[in-house]
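Engineer: Given chain B's structure and the hints, the job is docking chains R, E and X onto it.
4 protein chains.
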Amino acid sequence: MKNTFGSAVCLTLFGESHGPAVGAVLDGLPAGLPVDPEQIARCMDKRRARGDGLSTARTETDAVRIVSGVYNGHTTGSAITLLIENQNARPEDYARTAQLLRPGHADFTAWAKYHGWQDARGGGHFSGRITAGLTAAGAICLSALEAKGISIATHLYRCAGVPDQPFAAADLPLLARQMKTVQTCTGFPVLDPDATPQMQAAIRRAGAAQDSTGGILETAVTGLPAGVGEPFFDSVESVLAHMAFSIPAVKGIEFGAGFGFADLTGSQASDPLYQADGRVRTAANHNGGVNGGITNGMPLVFRTAVKPTPSISLPQQTLSWPDGTDATLQIQGRHDPCIAPRAAIVQTCGAAVALCDLLATWFGPGWLGPDGLTPTNM
Amino acid sequence: MKNTFGSAVCLTLFGESHGPAVGAVLDGLPAGLPVDPEQIARCMDKRRARGDGLSTARTETDAVRIVSGVYNGHTTGSAITLLIENQNARPEDYARTAQLLRPGHADFTAWAKYHGWQDARGGGHFSGRITAGLTAAGAICLSALEAKGISIATHLYRCAGVPDQPFAAADLPLLARQMKTVQTCTGFPVLDPDATPQMQAAIRRAGAAQDSTGGILETAVTGLPAGVGEPFFDSVESVLAHMAFSIPAVKGIEFGAGFGFADLTGSQASDPLYQADGRVRTAANHNGGVNGGITNGMPLVFRTAVKPTPSISLPQQTLSWPDGTDATLQIQGRHDPCIAPRAAIVQTCGAAVALCDLLATWFGPGWLGPDGLTPTNM
Amino acid sequence: MKNTFGSAVCLTLFGESHGPAVGAVLDGLPAGLPVDPEQIARCMDKRRARGDGLSTARTETDAVRIVSGVYNGHTTGSAITLLIENQNARPEDYARTAQLLRPGHADFTAWAKYHGWQDARGGGHFSGRITAGLTAAGAICLSALEAKGISIATHLYRCAGVPDQPFAAADLPLLARQMKTVQTCTGFPVLDPDATPQMQAAIRRAGAAQDSTGGILETAVTGLPAGVGEPFFDSVESVLAHMAFSIPAVKGIEFGAGFGFADLTGSQASDPLYQADGRVRTAANHNGGVNGGITNGMPLVFRTAVKPTPSISLPQQTLSWPDGTDATLQIQGRHDPCIAPRAAIVQTCGAAVALCDLLATWFGPGWLGPDGLTPTNM
Amino acid sequence: MKNTFGSAVCLTLFGESHGPAVGAVLDGLPAGLPVDPEQIARCMDKRRARGDGLSTARTETDAVRIVSGVYNGHTTGSAITLLIENQNARPEDYARTAQLLRPGHADFTAWAKYHGWQDARGGGHFSGRITAGLTAAGAICLSALEAKGISIATHLYRCAGVPDQPFAAADLPLLARQMKTVQTCTGFPVLDPDATPQMQAAIRRAGAAQDSTGGILETAVTGLPAGVGEPFFDSVESVLAHMAFSIPAVKGIEFGAGFGFADLTGSQASDPLYQADGRVRTAANHNGGVNGGITNGMPLVFRTAVKPTPSISLPQQTLSWPDGTDATLQIQGRHDPCIAPRAAIVQTCGAAVALCDLLATWFGPGWLGPDGLTPTNM
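Protein chains in written order, with this note's numbering: chain B, 1 to 378; chain R, 1 to 378; chain E, 1 to 378; chain X, 1 to 378.
Isolated chain B, as found in the complex:
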């Protein structure tokens, strides 16, 4: 399947960092969903670098051209193709050090896989720029979910060593307010207003030291119906993890209490059941909204670990390739000292695609649609 994700709703990504364009084909959404270019642009904007010392100096307008699948402002039911032309390509940045394998990057693995035929400029198909297509496609899925009362938000749970408040996974009214805060913020997506200046200071310090720093993203999803996902293989966790690890720099994912479960007892980790407003709820939410691979109707909560970008200007020991001689690399180019802030919207959009796929697989694609497309014998 390679560059295609999903079963009922399929996403194919394409493009190289310094090639003509990047983009996506999103297939399987029902007909009749409104597609709002402004809403796509807002998601793209959150992903966009600003050249402000917190993200790479390479800035792109990232205008999304809709090439197919949308007509009169609505999905047609056919594959939606989204094209984002590359404009600010400056491959000469890379030419100077093109022979040197960047540690922590895919330079060597791309060689091992493609034998030198890969477009290595700017990371080529391994670049974070490929997530532009994922973001554009996810923006459409996000709208579809919102129309069904399903909301997604991702915040910087931790960044450059600075913690944010956590999502209140079992307190629905508070969580709703927290998610609103994240979704409407224009700067860093955090819950604690004091966190932003501290995180930014820490990132700037790392950047000034020609270094970089990592973080943890936390995503919450509310409004999901119970009963979605499969007991084996296509569990909600499997499908969301499959998507999350496609985002460059993500190296871990945990649901609910996650790795914290290791030191809890069964009684401490219990999620007692009760009913409220005619719905089944759990008093705690250690399981992050998923039991046995299937949604239980409580908020879905997961966190991902984002590694510090390996593109740093400090000298790193490496190899010149393919000649294989020892070398020292000092990366110039334009890079993010911390990718986590920009990755937040990518994670939200990736989750939106994965959840649309899970929902459409279980209820049929029409469930996502405007009129609940149903069998017809017209």
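Everything labelled a hint here was simulated from the structure, so no lab data went into it. Be aware that a few hints might be false.
To be verified - Far from chain B, by Cβ distances over 12 Å, these chain X residues were calculated: (1) 16; (2) 27; (3) 42; (4) 53; (5) 120; (6) 166; (7) 198; (8) 209; (9) 260; (10) 272; (11) 279; (12) 281.
Stated by the list, open to error - Ranges between beta-carbon positions, derived for each pair: (13) 163(X) / 315(E): 30 to 40 Å; (14) 174(B) / 37(E): 50 to 60 Å; (15) 146(X) / 37(E): 53 to 63 Å; (16) 165(B) / 187(R): 39 to 49 Å.
As the list claims (entries may be wrong) - Stretch by stretch, here's where chain E covers chain X in the computed footprint (C-beta under 8 Å, at least three residues): (17) 186-197; (18) 235-242; (19) 247-254; (20) 313-324.
Note that the coordinates shown come from a computational prediction; the quantities given were computed from them, not determined experimentally. For every residue, glycine included, the Cβ atom is placed at its ideal position computed from N, Cα and C.
Structural biologist: Structure of chains R, E and X alone, referenced to chain B:
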């Protein structure tokens, strides 16, 4: 895809805990691989409960019947079906509390998905017993990988609050010795001999307190060729995570430094490249053997979080279902106070299936075979 | 995907002709569908050989053991495993000529693919016996479709040179009567009562001459909602053809007028539209119920070409293998002089699986279920 | 999967007839394959309408823009995106009769599926124009296959009632000459030079009568290794048929003797085996190069039925929609009186994609590559 995993090598799991049998269909392995019932039995034995206070009192001989795909001790190239009859089913244990939703289990989500038609006895298709089929199938894949010089081992990185030594991810000779220790141990799979009695004491304490406890499993894979995996969607991490989250109780996965990346700088997390014995190596292995979704030839290392089994005898608040009245549950039945020790071999076997799939997808299934099946124009 | 078919409803086949058992795993049907062992047995019985000179002397009782996925007479929503033990295996029939490649069979291609590791006894995994699992699984799908008002019937459109009446593809009341005739017949599935004795006489003549003969099967499906299928790749025709060509001996498929279209003009081939009883109908049905890959609500009609079984007792020129010397083969064993009559129910059952998959993919699996499984926020 | 075909080599099609562009994403080809824009253009040119009375007056230059996956004239190993802008869109042709369902077209089925949200202009995503993307992608696959000695050709086996000579399926030297003839012809792809004027006259007669006509395409593939394909579900026939039925207007497919098998005896249909030049051959080729779903090394031969285009100017009875009133339709627009000649290259290109997928699935994608990409532990 539901109960089927994989593309080139496909695994389908079936069965219910108290139904006639559980099992698996493993399809896509090349013809001519030796299948050793003793080796399968050894893996099954490691997964088996022993009724020793450390695992459930339900013990099954777990004899694996090979129904198809093996002839004269070798794979035929057709689908391999493995059948494990259920013998020690004691569904009356569950009948007493059958109406009560077990918190942390899939009882409610199964209702939400199957509307009461599920076979709820003993967790039905959500039972850890389904991993018997995964283990049997994985045992065959494990042999196939070993024949190609690829080795997998999983140890109890942490269990019931007691740490083991970690795998030495960048020290190949030491790691080889560690993996040998784990693979040949007959008791708890740990590296530190002192860890076993401490872990067992802690588990017994939890069991005596009618409670349970969690843990962390660490898996290492050596001998993988560089260049396997895909930059997007079918990254090595995506595929292994997809598999890992199919194992009941797994709630998190991290590769290499994983969540530890959050507080590292780029320079601290660097994996400098060098050559030794004509191969590219990294001096550290923060990335766990994967860059850009693709193997780099260094050991693949990942950890999973295993939650404490929610089946505890302490009283838990819950609902009677489908009537929805409040109730208090005290689980009797036979349960593991800690599932992590038995889950280690399941994780190894699951990884074996996933890696066979990745390798067969990239090099063709014949690569795994005895004679490197190649095109023929006989 | 190999031995697995389908997306929302998946069927995996396994087994070898002279191995322990053959069978199937059917995954993705909703919970709560009644499973009637008698109805499965009736389908198995139609597929069964009778040793009456019209089919092979190898007769099997073909008792279907339900190993998983059914509880209290209904589907649980988990994978359904069906096991049919092989009882009447007489591999010594094959031993005598085991070295000789049978022309028209898969003996040589199995060698080319499996390099001699295949279980060649009785054709192994290439045997028509593998369709026993397909039939058993299809029987369950057939019941599910019937409960939704969708009916399938297959008759011998042509057999051993003798034609039957064709299905009346655009005359709904007549077609309903024709389908009823086929579904309730206990002998040859034909519309014209005079056809049976003529076909049987022709088949017996071929058998007496140590030869065999072919035929054409015609399948009709009524009650399908309009709007199912995809414009590209997963057209109804693509999916049904994918299934049909899995049935050994099928070498062609055509929908509606099929190859007859070649000599028609557009005006002759027109299917004029009108309304009756509030539904859109076509006055003719040259398109066989499918336009642009999507059902139009008219009867779905297709025909398949079934080749004469290549297992004949007349001498055939061939090679001894793997030594490669010239040889003459006179097949003994027990074989069908015409496979078409037994293949009719297999085609019906295969179509049932494929249509369940198409319907479940588009409307969600719950659409096939007893209570139209719907999203729940219990 | 909808608009995506394949497993190891995946093709996704997108676009609408009168939208901004049509195109394709081709994923899974190995790195290092030469991509020649001229060769793509030659294939596009064969598919192109000429406005000469034999094909539609809508002519497009069909310039193919390579957006990703090709660098320095070679594949990079990443997804290849091909974009063909729509230039000669004249939707006003359709506006006049936009309310009237065209019999034999997907107008009604698109409504049933998409509830009116589809882009109906010019057939939208159901238009034959979507095959432009298939052709461009197939052209690249065709080159890859040719580099491995695998050749594909499609001729007009029958068109407008006029027969061509058939391919000599078992006579390799003659077949090679025939295929060369077809591949190098610039006009109608036929073997018999007298067939062209007769076919063209018959097509022009149909066009002059405001009618249209159908045909049969025959495709031969030589150079395939034996042993490719699967015994069930992913048989060569299943996979090629799945692809073929994606081409609009194809309503039947047969392999080798196909429907002719119905009236043959087993002895007449026998393909006796012998060896020549160290290879296994069959004296006849009734099975069209496939036994048990697997290639046998002989030429692969299949035929498809192409229906007369339903877009005719003769009056047809139909419905106005969605109001449902009776109406008479006289199609104006620009249409092909016979689609078969242009469909020949589409069928060749579609087969090229499907065969690349089958080969890459079995031997690994690297098998198609320039240096037989192999495992590396660099």
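Engineer: Now look at each hint and say whether the structure bears it out.
Structural biologist: Structure-based check of each hint:
Distance check for residue 16(X) against chain B: the nearest CB is about 6 Å away, which does not clear 12 Å, and the non-interface claim fails. With a cut of 12 Å on Cβ distances, residue 27(X) falls inside the contact zone with chain B, its closest approach being about 5 Å. No Cβ of chain B approaches the Cβ of residue 42(X) within 12 Å, the least distance being about 23 Å, so the stated non-interface status holds. The non-interface label for residue 53(X) is consistent with chain B: the shortest C-beta to C-beta separation is roughly 31 Å, beyond 12 Å.
Its beta-carbon lying about 9 Å from the closest one in chain B, residue 120(X) breaks the requirement of being farther than 12 Å from that chain. No beta-carbon of chain B is positioned within 12 Å of the beta-carbon of residue 166(X); the least distance is around 38 Å. No beta-carbon of chain B comes within 12 Å of the beta-carbon of residue 198(X); the shortest separation is about 39 Å. With a minimum CB-CB distance of about 33 Å to chain B, residue 209(X) clears the 12 Å threshold, and the non-interface call stands.
Look at residue 260(X): its CB is around 38 Å from the nearest CB on chain B, clear of 12 Å, so calling it non-interface holds up. At the 12 Å boundary, the C-beta of residue 272(X) stays outside the reach of chain B, the nearest C-beta of that chain being 42 Å off. At roughly 31 Å, the least C-beta separation between residue 279(X) and chain B is larger than 12 Å, which holds for a residue marked as non-interface. No beta-carbon of chain B is positioned within 12 Å of the beta-carbon of residue 281(X); the least distance is around 36 Å.
Distance hint check: the CB atoms of residue 163(X) and residue 315(E) are about 35 Å apart, consistent with the given range 30 to 40 Å. The hinted range of 50 to 60 Å is satisfied by residue 174(B) and residue 37(E), whose Cβ atoms lie roughly 54 Å apart. As the Cβ distance of residue 146(X) to residue 37(E) is approximately 54 Å, the hint placing it in 53 to 63 Å holds. The given range of 39 to 49 Å is respected by residue 165(B) and residue 187(R), whose C-beta atoms sit roughly 43 Å from each other.
Residues of the region 186-197 of chain X lying with their CB closer than 8 Å to a CB of chain E number 0, which falls below the three-residue condition for coverage. Counting residues of the region 235-242 of chain X whose beta carbon lies closer than 8 Å to any beta carbon of chain E gives 6, which meets the minimum of three for the stated coverage. For the region 247-254 of chain X, the proposed coverage by chain E is satisfied: 6 residues have a C-beta within less than 8 Å of a C-beta in that chain, meeting the threshold of three. Here the region 313-324 of chain X counts 6 residues with a CB under 8 Å from a CB of chain E, which clears the bar of 3, and the coverage holds.
In this structure, the earlier hints numbered 1, 2, 5, 17 are contradicted, and the remaining ones agree with it.
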